[in-house]
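Asker: The chain contents come next:
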Amino acid sequence: MLKALQLEPEKCTGCLQCEMACSYENEGVFNPSKSRIKVFTFHEEGRFAPYTCSQCAEAWCMHACPVEAIVINADTGSKDVLEDVCVGCKVCTIACPFGTVNYNADSGKVIKCDLCGGEPACAEACPTAAITYVDADHTGLERMRAHAAQTIPRDQ
Amino acid sequence: MAWTRNVLRVNLTQGSCSTEPLNMEWAEKYLGQRGLASKYLAEEIDPACDALSPDNKLIMATGPLTGTMAATGGRYSVITKSPLTGAIACSNSGGFIGNEIKNAGFDMIIFEGKSPKPVYLLLENEVATLCPADEVWGKSVWETDEILHTKYQDPLLRIAGVGRAAEQGCLYASVVNDLHRAAGRSGVGTVMASKNLKAVAVRGTKGVGNIRDPKAFFKATNEGKRALAENAMTGEGLGALGTQALMNVINEVGAMPTRNMREVQFEGASKISGEAMLEPRESDGKANLTTNAACFGCTIACGRISTIDPQHYTIVNRPEYMGNSGGLEYEAAWALGSDTGVDDLDALTYANFLCNEDGYDPISFGATVAAAMEMFELGAITTKDTGGLELKFGSAEALTKSAELVSTGEGFGKDLGLGSKRLCEKYGHPELSMTVKGQEFPAYDPRGVQGMGLAYATSNRGACHLRGYTVSSELLGVPVKTDPLSTEGKPDLVKAFQDATAAVDSSGLCVFTTFGWTLEDIAPQVDAACEGNWTAESMVEAGERIWNLERKFNLDAGLTAADDTLPERLLKDAAKTGPAKGKVNELGKMLPQYYEVRGWTPEGVPTDATLERLSV
Amino acid sequence: MKHVIVGAGPAGVVAAESLRRLQAGASVTIVGDEPEPPYSRMALPYMLINQVGESGTYLRKGATHFSDLAIDVRQDRVVGLDRKQQQLTLADGGSMTYDRLLIATGSQPTSPPIPGIDLPGIYSCWTLEDGRNIAARAKPGAKVLLMGAGFIGCIILEALAKSGADLTVVEMEDRMVPRMMNDTAGGLIKSWCEKQGVAVHTSTKVTGIEQVGDGFTVTLSTGDSVAADLIVSATGVRPNIDLLDGTGVETDHGILVNRNMQTNDPNIFAAGDVAQGRDFSTGEYTVQAIQPTATEHGQLAARNMAGLAGAVHRGSVNMNVLDTIGLISSSFGLWMGADGGDSGELLNRDRYRYLNLQFNDDILVGATSLGLTEHVGVLRGLIQTKTRLGAWKDRLIEDPTRIMEAYLGSTQAIGFNAAVL
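Taken in sequence, the protein lines are chains B, L and C.
Residues in the first sequence are numbered consecutively from 1, following the numbering used here.
Residues in the second sequence are numbered consecutively from 1, following the numbering used here.
Residues in the third sequence are numbered consecutively from 1, following the numbering used here.
It is worth saying that the hints were derived from the structure and are not from the lab.
Among the hints, erroneous ones may be present.
[As the list claims (entries may be wrong)] With a straight-line Cα cutoff of 30 Å, these simulated DSS-like cross-link-like pairs (lysine-lysine) come out:
#1 L/151 / B/109
#2 C/2 / C/84
#3 L/114 / L/151
#4 L/271 / B/11
#5 L/572 / L/392
#6 L/151 / C/393
#7 B/109 / C/162
#8 B/109 / L/215
#9 L/219 / B/11
Chain B with its partners taken away, still in its complex shape (with noise of 0.2 Å):
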């Protein structure tokens, strides 16, 4: 059974741990900029909300690429940037229509969530549970994906 990260946004308080946590991972520095995984702000409804790549199916980003740079991780079924092969044409960062392929302009590569290899920094650090990682099927996941499932018809 595969696992994914399930995002509560009503959890969350907005500490930013889980950006330090994604980043430190993926950079060694604390870099809330360069996290995977962000949280957005609702001020005036004093809400606060973790997002990031919900490895969907449809991986709009994997099959725009134009080098290969993104594949399907076996283990975890999550898509990952080989940074080695990635150009940096930014085709996926227009492509995922979550926003969640970003352009990191120091490394000329995009960044992506990968679910840190099965053991994603995020999740652990999360201090309220608004992060977890769960078996796929976990009923609150559908809400993230409803977007896709609504009116983007699956391709594969």
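Got chain B; can you put chains L and C on it based on the hints?
Answerer: For chains L and C alone, kept in the frame of chain B given last:
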């Protein structure tokens, strides 16, 4: 070495910015943030200078753990000489800008001189630019935030700035960051505005690294987080009720200063308490509190996010105030509420929003209004002075109108912006000013909490709970319970709290962690991150060094032992109700002993031996 | 079942792989006319600046990728099509029959009718071979003239500027990237290029090219003349449809297809730059000639060739992302706006930041961004899902940077929608 080792120096007079290496010799003695910046300030300015002159400097400083995964590692402080007290000022704030400064590659920013024209600093990683502030000068903090965010089209630009209150010379203006976190006390915002510096907008994307021993760091910080999660206060109470959990507790023990500290219990406390903030209201069925919120890196998340009742008189037809913003913390609820006798939760929330919107300290503001109300009652202040405003204790309208006036500095707002001490002097009743060294009291009456009386009297920034929170021991039993009504052992207790707090304030962590942590929990986190050998003992020593450095600054600024006192009301008028009924604060019993345990002369001056021992 | 795919670009390769997944036992053949393994033109600029080697441009990296999938990749050129016999004639003299044929022959650069345009030393930047030639000549200090500042021109521009060449750009339209960017964005890109030391002439045509020694003198419609050591032509492309001349397969600008990517011959399909496919935003059939559309076409064509029901093309969102010497821009859908729609816009000229959103009712239909790279994909998502933004529309008009919040707030139980969703 979790320091970035870079200092940004901004000469406002010349309009120049330069980078210089952090003085690491000092860093290893004063750690960072409060301690290290105080050292810089003490070395660089004449303590006797006019706080609002170009001779004063203003430092925004982070700690070595700011921007790291240590729980609450997002703090920064604003250090300067206070125009309110004439003493050294250090106001600590959370939010997100501390981390952003660190991520831009700086441990601190030193502002010196005065800009010939209003400016704001734009800091994007190493690129620092002073920009003309014409479009934001004269605007509130909130408007400034919106204008700059729109201009730079970056939602993650973090902004700290001053509002109209500071521009108008309100002596307790704060520097507000991230809309509703504030370096609140002692008028640090007033100093910022006096330099024609409107705001600091920062975007840092360089990352905070340089963790000395990452493995040890994660071990220590993870253990720390677990301890906070398991503690009743930091794991549950503060998240659920915020600091407002204290309202009913403090009222019950008879340490709730009420109506300009005439009384020690407030009959309306339950109506303005953390519990009251959870009650659904009639108009829209929503509670005042929407959610709790965290500052950067904080696993406690005590922040309040609230709305005002949309039908409340203050915001009828004013949709701009109907959304969520930073809600009432205990200190604000007390000062705006019980000290003025107002029990209207929405009026308090509104006044608190205004304090954030235009940048001024709700404690000093509420206490100043309270003093004005007492003088109004006596007839020393009349509607002629107030422009028709009936400044009566318990009047929500008087409170909210006062806030509107202080926000803009209009009419009687100018007088209220003077602070309690100067206001009471102006209207002939200096004895009614509830202040120490010119700074207004916070929410713990020292007749009911004896140690706090000593902490207030000796605090290096005037009356303040955050310089030695013995409430923790005397009322909450953390780390050990002491008798709040007894003076016994209090000089040692106060010293211990003051030194430990100075160390925590210099680390980048929030002092609220100390509900669940001692320095034994904190030192391993600092040690794993930083060079030097940081143990609980060496941190206490650094704290004591910092305390003495601040004391020396204040003495050089002209303060003396005579300023280490409390208003007569607290020393002579006994508490009328509650467990402390019949008690006054017995400062006289504690102070000489305190000087002694500090290694100071009977005149309150650190001896050469003490300074040498601590190598201040 | 025998599938033949003409063209080894992204559309063809994705179609071949999809066919293999869908029909394990079918025969799948790709015929491509370039000597290299299938590669990506998108990656050529990165080869020019030596960020990747030639193999870095290959669409698939495994040496045995295609043989492992039992996809036969042949280097040859198709010169004839006999629909009755369902047979292709190849340049090497052989022939090949098919059950289903996919035309994915892409496009080719066009040259404007200018005296001297055929002189040796004038290159398009289209094939790997072109890339090699340009890389060999675009040396630091070399005078390079780039004709055309469209999408492809701008992508090459980045590489040429980085090579240290002394660069002049000539564009006949009144702004840079005219088919992808509006006046404001095109103007900002131009001034950005000029700031980086590139001479940009818009509303200007090249009227003549003369060989002078090893180089050229280029005459412009303004009357000026410019010396150049190397000329790169990127004035436009046209679909490779010549193969279909006289075959009865209907073409217009490109090959006409229905929503199943099928031509008027039920056994012949078309995909990618050569196909005049459905545009998501307008419902019209146009040649988009962009990478994501090519792969979408390839997948859809494969499903229809395999006889899967319901593989109907909803249309591709036209979108582009461009890095012009470090200034990153993108545009989506009806970036030029919809009749009667509203828009929101943020502009900071000094900092080269621009975000323009176009709405129809409360649905996002188009967008342009400049200097913004974070979460831009969500613009595509909002457009393609036709998400009703409700109250978020006004918020976006006020502050267009809140696109992610608008998406999350409109699709998840967050914020003001929490009670409804």
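Asker: Which constraints among the numbered hints does this structure fail? Numbers only, ascending.
Answerer: none
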